[in-house]
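**Student:** Listed below, chain by chain, are the residues.
Number of protein chains: 4
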Amino acid sequence: MADNRKVMIAVVGAGKCSKKLRDMAFEVGKYVAEHNGVVICGGLGGIMEGAAKGAKEAGGVTIGILPSENKEDANEYIDYVIPTGFGEARNIMVVRAADAVVAFPGKYGTLSEMAFALHSKKPVVSINAWKLGDEIEQVDNPIDAARRAMELAEKGK
Amino acid sequence: MADNRKVMIAVVGAGKCSKKLRDMAFEVGKYVAEHNGVVICGGLGGIMEGAAKGAKEAGGVTIGILPSENKEDANEYIDYVIPTGFGEARNIMVVRAADAVVAFPGKYGTLSEMAFALHSKKPVVSINAWKLGDEIEQVDNPIDAARRAMELAEKGK
Amino acid sequence: MADNRKVMIAVVGAGKCSKKLRDMAFEVGKYVAEHNGVVICGGLGGIMEGAAKGAKEAGGVTIGILPSENKEDANEYIDYVIPTGFGEARNIMVVRAADAVVAFPGKYGTLSEMAFALHSKKPVVSINAWKLGDEIEQVDNPIDAARRAMELAEKGK
Amino acid sequence: MADNRKVMIAVVGAGKCSKKLRDMAFEVGKYVAEHNGVVICGGLGGIMEGAAKGAKEAGGVTIGILPSENKEDANEYIDYVIPTGFGEARNIMVVRAADAVVAFPGKYGTLSEMAFALHSKKPVVSINAWKLGDEIEQVDNPIDAARRAMELAEKGK
Numbered sequence: 001m002a003d004n005r006k007v008m009i010a011v012v013g014a015g016k017c018s019k020k021l022r023d024m025a026f027e028v029g030k031y032v033a034e035h036n037g038v039v040i041c042g043g044l045g046g047i048m049e050g051a052a053k054g055a056k057e058a059g060g061v062t063i064g065i066l067p068s069e070n071k072e073d074a075n076e077y078i079d080y081v082i083p084t085g086f087g088e089a090r091n092i093m094v095v096r097a098a099d100a101v102v103a104f105p106g107k108y109g110t111l112s113e114m115a116f117a118l119h120s121k122k123p124v125v126s127i128n129a130w131k132l133g134d135e136i137e138q139v140d141n142p143i144d145a146a147r148r149a150m151e152l153a154e155k156g157k
Numbered sequence: 001m002a003d004n005r006k007v008m009i010a011v012v013g014a015g016k017c018s019k020k021l022r023d024m025a026f027e028v029g030k031y032v033a034e035h036n037g038v039v040i041c042g043g044l045g046g047i048m049e050g051a052a053k054g055a056k057e058a059g060g061v062t063i064g065i066l067p068s069e070n071k072e073d074a075n076e077y078i079d080y081v082i083p084t085g086f087g088e089a090r091n092i093m094v095v096r097a098a099d100a101v102v103a104f105p106g107k108y109g110t111l112s113e114m115a116f117a118l119h120s121k122k123p124v125v126s127i128n129a130w131k132l133g134d135e136i137e138q139v140d141n142p143i144d145a146a147r148r149a150m151e152l153a154e155k156g157k
Numbered sequence: 001m002a003d004n005r006k007v008m009i010a011v012v013g014a015g016k017c018s019k020k021l022r023d024m025a026f027e028v029g030k031y032v033a034e035h036n037g038v039v040i041c042g043g044l045g046g047i048m049e050g051a052a053k054g055a056k057e058a059g060g061v062t063i064g065i066l067p068s069e070n071k072e073d074a075n076e077y078i079d080y081v082i083p084t085g086f087g088e089a090r091n092i093m094v095v096r097a098a099d100a101v102v103a104f105p106g107k108y109g110t111l112s113e114m115a116f117a118l119h120s121k122k123p124v125v126s127i128n129a130w131k132l133g134d135e136i137e138q139v140d141n142p143i144d145a146a147r148r149a150m151e152l153a154e155k156g157k
Numbered sequence: 001m002a003d004n005r006k007v008m009i010a011v012v013g014a015g016k017c018s019k020k021l022r023d024m025a026f027e028v029g030k031y032v033a034e035h036n037g038v039v040i041c042g043g044l045g046g047i048m049e050g051a052a053k054g055a056k057e058a059g060g061v062t063i064g065i066l067p068s069e070n071k072e073d074a075n076e077y078i079d080y081v082i083p084t085g086f087g088e089a090r091n092i093m094v095v096r097a098a099d100a101v102v103a104f105p106g107k108y109g110t111l112s113e114m115a116f117a118l119h120s121k122k123p124v125v126s127i128n129a130w131k132l133g134d135e136i137e138q139v140d141n142p143i144d145a146a147r148r149a150m151e152l153a154e155k156g157k
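Residue numbers (our numbering), protein chains in the order written: chain L, 1 to 157; chain F, 1 to 157; chain Z, 1 to 157; chain U, 1 to 157.
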């Protein structure tokens, strides 16, 4: 990564979730933006929207990589919308573009993102997401997740 | 699925594996071909090669969807090679083309295939592969795996 | 390409076309199958359906790589359906899997397939398709197109 | 497109080109950034690098969607790097993310981007790029190209 580029943190998790989880994702996005990181995500609702909203609250930058071909499908907190038309294969791109991944609970789409992150050796920090072995760091609050993801991302530079 | 089309069974698992696992994959491929099914896989070595070899032993048909752009990367038992150049995203295509999936032990690429199969509601039969919940049927020998996958695939017609 | 593998000929062109063009595509597919080649295409209607029907008439094998995730979208003459869910990006896979391409008139999807074929140095034989320079052989009847495509494909082995 | 989002202009063309063409691409990127647009491109050299450099000169934002999996392959003027690992299929994403496309001379990769732009009904402005019919506006200097692309992009909002 060129030294002038900002760290990119992927936030992955369910497209529909409880208010509590959304608020936690918001905290992750806010922390990332406050520390000069970029939030990248799948661009839709739930965890993705929470994280993007948090980043915008802190004046940060957000990128959303959509499964569909339609920019209109992005949530309102996404600055730069990349509509792929590739369906779930866009999960791979979310992960590849990230320097580290924060994983929230989600279903099989989230699982696939975690699998691809591990496959491509991206650091993954989990808040109650899928248990997939020791390569994933488990934390129990959003600030720790965001801080740890930023540290791991910087280390990978 | 048109009634005249053969059932397609994806066999997924590690690209490098023990002889024992390869032999088990061979049995799966052979059973599928003997029962008029087509083996589809990622086209490379290990589990994929074992399954394709088994299918050819029984005079069956094999399809391999490669991560690379080069047909030469396919193992010698693949009849129809689809070289995608899409890297790991080809895993999604292997699963989408299948009517059911037999999963062998593998690393995160295999995990992503199982995740995508579950995401797209394809039946998955596992022989000691990742434990991901009750939607996946666990069996302990290749003949049971192949038989059960064929049954589930036919049911989905 | 392994010596035992059959030559694969992509037939590309409009998904909706005149009966005359469909009949010409039928002749291409029939010739390819009669000479032991496999027809690969985008799996939908028009030129693709004509070519697949011709190949089946001659007892050949057909592969269709669909833009959608649904096998049901394939025409009835496709033996092996690969539903990608990748939209127009599936055009790239049709071309990559082919040893040579026969191009019929079509719109921008066809143009993109011809562009990708030229980009990846696949031989292209055109029957009144887009004029894109000297690397594309122009012929004016389906038998010449199929024969020439088979020759170029064999040469590339 | 949400009203608060900036217009995104794709600049496509050869990855290796003359200094004169690079300078023209620079002018396009600069104009786009000066008028509050974002430059999106394939992230590599030649036309892509010229356009990105121009945008950064004017304090703008640049996004590069790479064919490879490696962020390091991006040119130094790209702010946000999306490494796809999807090879030439990334061309489709460059075009889909754009509200309008400026096309410079290029080979078959550029042709495929123009084909996909036309296929998905994105406005294309050409500076001596492939002649593909009346749907593409021909201009002969970079300022006209950038101005016209911005107008067409705004109209599509």
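Treat the hints with caution; some may be incorrect.
Heads up, the list lumps identical chains together, so a pair's fine if it works in one copy or across two of them.
As the list claims (entries may be wrong) - Straight-line C-alpha distance at most 30 Å; calculated DSBU-like pairs for lysine-lysine:
{"id": "1", "residue 1": "LYS20", "residue 2": "LYS107"}
{"id": "2", "residue 1": "LYS6", "residue 2": "LYS16"}
{"id": "3", "residue 1": "LYS71", "residue 2": "LYS20"}
{"id": "4", "residue 1": "LYS155", "residue 2": "LYS71"}
{"id": "5", "residue 1": "LYS155", "residue 2": "LYS19"}
{"id": "6", "residue 1": "LYS71", "residue 2": "LYS131"}
{"id": "7", "residue 1": "LYS6", "residue 2": "LYS71"}
{"id": "8", "residue 1": "LYS131", "residue 2": "LYS16"}
{"id": "9", "residue 1": "LYS19", "residue 2": "LYS71"}
{"id": "10", "residue 1": "LYS71", "residue 2": "LYS107"}
{"id": "11", "residue 1": "LYS16", "residue 2": "LYS71"}
{"id": "12", "residue 1": "LYS155", "residue 2": "LYS121"}
Simulated from the structure, these hints should not be mistaken for laboratory data.
**Student:** Next step is simple, just say for each hint if it's right about the structure.
**Tutor:** Hint-by-hint comparison with the structure:
Proximity of LYS20 and LYS107 under a CA criterion of 30 Å is satisfied intra-copy only: 17 Å inside one chain copy versus 33 Å between copies. With identical chains, the CA atoms of LYS6 and LYS16 are at most 30 Å apart both within one copy (28 Å) and between copies (27 Å). In this assembly of identical chains, the alpha carbons of LYS71 and LYS20 lie at most 30 Å apart only when taken from the same copy (27 Å versus 34 Å across copies). In this homomeric assembly, LYS155 and LYS71 come within 30 Å of each other (Cα to Cα) only across copies, at 15 Å, whereas the closest approach inside a single copy is 33 Å.
With identical chains, the CA atoms of LYS155 and LYS19 are never at most 30 Å apart, being 32 Å at best within one copy and 37 Å at best between copies. In the homo-oligomer, the alpha carbons of LYS71 and LYS131 lie at most 30 Å apart only across protomers (28 Å), although the nearest pairing inside one protomer, at 33 Å, exceeds that limit. In this assembly of identical chains, LYS6 and LYS71 lie within 30 Å of each other by CA distance both inside one copy and across copies; the values are 24 Å within and 12 Å between. Both within a single protomer and between protomers do LYS131 and LYS16 lie at most 30 Å apart by alpha-carbon distance, with minima of 20 Å and 24 Å respectively.
Taking the shortest alpha-carbon separations for LYS19 and LYS71, only the intra-copy value of 25 Å comes in at or below 30 Å, while the best inter-copy value is 35 Å. In this assembly of identical chains, LYS71 and LYS107 lie within 30 Å of each other by CA distance both inside one copy and across copies; the values are 24 Å within and 24 Å between. Taking the shortest Cα distances, LYS16 and LYS71 sit within 30 Å of each other both inside one copy (19 Å) and across copies (28 Å). When the C-alpha separation of LYS155 and LYS121 is checked against a cutoff of 30 Å, the pair qualifies only within one copy, where the shortest distance is 13 Å, while the shortest distance between copies is 38 Å.
In terms of the numbered hints stated before, the structure departs from hint 5 and from no other.
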